[in-house]
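Here's the letter readout for the chains.
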Amino acid sequence: MSILVDKNTKVICQGITGNAGKFHAMGCRDYGTQLVGGVTPGKGGQNVEGMPVFDTVEEAVQQTGADATMIFVPPPFTADAILEAVDAGIRIIAAITEGVPVIDMVRVYEKVKASNSILIGPNCPGLITPGECKIGIMPGYIHTPGKIGVMSRSGTLTYEAVWQTSNLKLGQSTCVGLGGDPIVGTNYIDLFKLYQEDDQTEAILMIGEIGGSAEEEAAAYVKEHVTKPVAAFIAGRTAPPGKRMGHAGAIISGGKGTAEEKVAALEDAGIVVAPSPAEMGEAVLKAIKQA
Amino acid sequence: MKIHEYQGKELFRAAGVPVLEGHMVTTPEEAEAAYEKLGGKIAVVKAQIHAGGRGKGNIIDNPDQKGVVLCKSADEAKAAAAGLLGKKLVTIQTGPEGQTVGKVFVEAGCDIARELYLGIVVDRVTCKPVLMVSTEGGVEIEKVAEETPELIHKEAFDPAIGLEAFQVRKLCKKLGIEGPAAKSAFKFMTAMCRFFIDYDCALAEVNPLVITGSGEMIALDAKITFDENAMFRHTDLESLRDLSEEEESEIRAGKAGLSYVKLEGNIACLVNGAGLAMSTMDIIKYHGGEPANFLDVGGGANAAQVTEAFRILLSDKNCKGVLVNIFGGIARCTTIASALIEASKEVGFTVPLVVRLEGTEVEEGRKMLEESDVDVITAVDLTDAAKKIVAATA
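As given, the protein sequences belong to chains A and B, one line each in that order.
Just so we're aligned: the first sequence equals residues 1 to 291 in the UniProt record's numbering.
Just so we're aligned: the second sequence equals residues 1 to 394 in the UniProt record's numbering.
Don't take every hint at face value.
[Said to hold, decoys possible] No more than 27 Å apart at the CA atoms, straight line, and that leaves these computed lysine-lysine pairs for BS3-like:
no., chain 1, residue 1, chain 2, residue 2
1, B, LYS154, A, LYS111
2, B, LYS128, A, LYS111
3, A, LYS193, B, LYS128
4, B, LYS154, A, LYS113
5, A, LYS113, B, LYS128
6, B, LYS387, A, LYS169
7, B, LYS285, A, LYS286
No lab work stands behind these hints, which were simulated from the structure alone.
Start from the sequences and build out the full structure, keeping to the hints where you can.
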């Protein structure tokens, strides 16, 4: 097994007629993903490299049986595209688009939580179950089917982690890019629950970064509920304060958000923290040996 | 995007958030005239820079000249403006080099009965906008948050509805506000929350928020940051941008679509993706070096952007070497390699260059670099790259 997506997942692409949408939708199809069509309002009836284009997500679902979507529409229209996918009953929504206004995501987050859909992103590379289904922009060849669940707030840093676990012959069960924005649809804890229950996943690698308090909350959850080996890395140990974190942001989380605090919280929960980004794979090995 | 206090107050006034009368001026003579215009009693002359802590901050080499000055005559207003304009103001938020004051705001005084704090942000935990208030106004709110978090009261609100009446009542009770001031608080707080949503703010902060002797709630300061991602629906706000407040190289990077932050070290780095860029800084430091910058060329970087990125990095006088770390996803290694070769022809590398490529089209990219006449030190992985650049710049 794996989590969220597998070889049976049928995927559409919202924004398939745009450059990025088309390029990456074809990349996913070439990888082996069951791509079944795309949606661009006003372009229904056309086809892109043999893929049927629909005007609405509802229509695409009816005609193709799609249960997942990847969204490449421009930022002003992303919130609307996500809500349309929720409305059509799509199970897995991966919003790749970068630059979505935060206030838009406040509205979307509420609607997604009240539905049966799972939103990954926005501002994320997508998700992949190696050898079965790739939904997003990650280079497929660095992944190998295996036993590590990888999740991250950063895109290219996830590739780095995946590459290291592939080189150590551990492979990955499912890799999820959560997205780098302040509000994203799915957080670490949501995925810890799924990885913990997944037979294929033997250990979990969590990649965090400075700002907010998501890593601290995840650490508290792991301490209570996760029995599988967990390793982590926090990016931004040397980042200067104030550049990315607003003052009021620091207030709301009660002064949380520095790398030191996050590392301390993770280690307190028994998580092996990699001291350098080059040692994420090694940290996973260490976590497995300790268990 | 940040704006000045005087600009924030103009927007507040239009949105129905009570503020005092005031005038932005750029010369001591104008400050004198502004004082007279305000009725000639008490006025406050305030330096306009994009940093907080102005009241406690002072002009470099002149500890007596504070950033905020209470004036009781036109001459005092003129002298205060003269002491600030064109000088560098140092506050807890500017760093030791300070920030040049180009404008001052001359504002009417008022009868202050109480000083409070009010701030609005989008809370990452609850994923909702949150109004925060505190009785501890006029001081460093970060300190209050750390030492006495129970003195900060929060109410989350629905962006479509705004703050509800009962939420204002709860906050007033906790702040000890009653009578006419409670009525004024309702108007103030609901208008602020509406303002936050309507203008797509990332932060809206009023510190101090005052209650006058007659029970009116007034914004004595206005610290506003807009969500850069939402600027497409607020094109009118672009004119409020003050480029003199931003680092020149960061403006240049912004125009090229690059995310760049200048730092104090001497090893420049060029990376794709924010997380990997931060990690690259981390690993340079881990192996004993000091990063000169954070630079994310983004996912869809093209040759022109990467060339501009090299120009910016090499224009930094502290730069003793460059580390390029690319894990190609959307960005292809061949794009980076050809841009690197182009940039080398155009700007010329006078410092050591370590390149680590991985990901999409990596073999082709490596081959391009090998066949070019650019003097490149290649690295096989992150650790190798960091060690090589630290050694080359030591």
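The hints, checked one at a time:
1. In summary, the hint linking LYS154(B) to LYS111(A) is supported, as the alpha carbons are separated by about 23 Å, within the 27 Å threshold.
2. At most 27 Å may separate the alpha-carbon atoms for a hinted pair to count; LYS128(B) and LYS111(A) meet this at roughly 13 Å.
3. A threshold of 27 Å between alpha carbons decides the hint, and for LYS193(A) with LYS128(B) the separation of about 24 Å falls inside it, so the pair holds.
4. About 22 Å separates the Cα atoms of LYS154(B) and LYS113(A), which keeps this hinted pair within 27 Å; it holds.
5. Between LYS113(A) and LYS128(B) the alpha-carbon distance is near 13 Å, which keeps this suggested pair within the 27 Å criterion.
6. Taking the CA atoms of LYS387(B) and LYS169(A), the gap is about 25 Å. The hint holds against a cut of 27 Å.
7. For a cut-off of 27 Å, the pair hint linking LYS285(B) to LYS286(A) stands: about 24 Å separates their Cα positions.
In summary, this structure violates none of the numbered hints.
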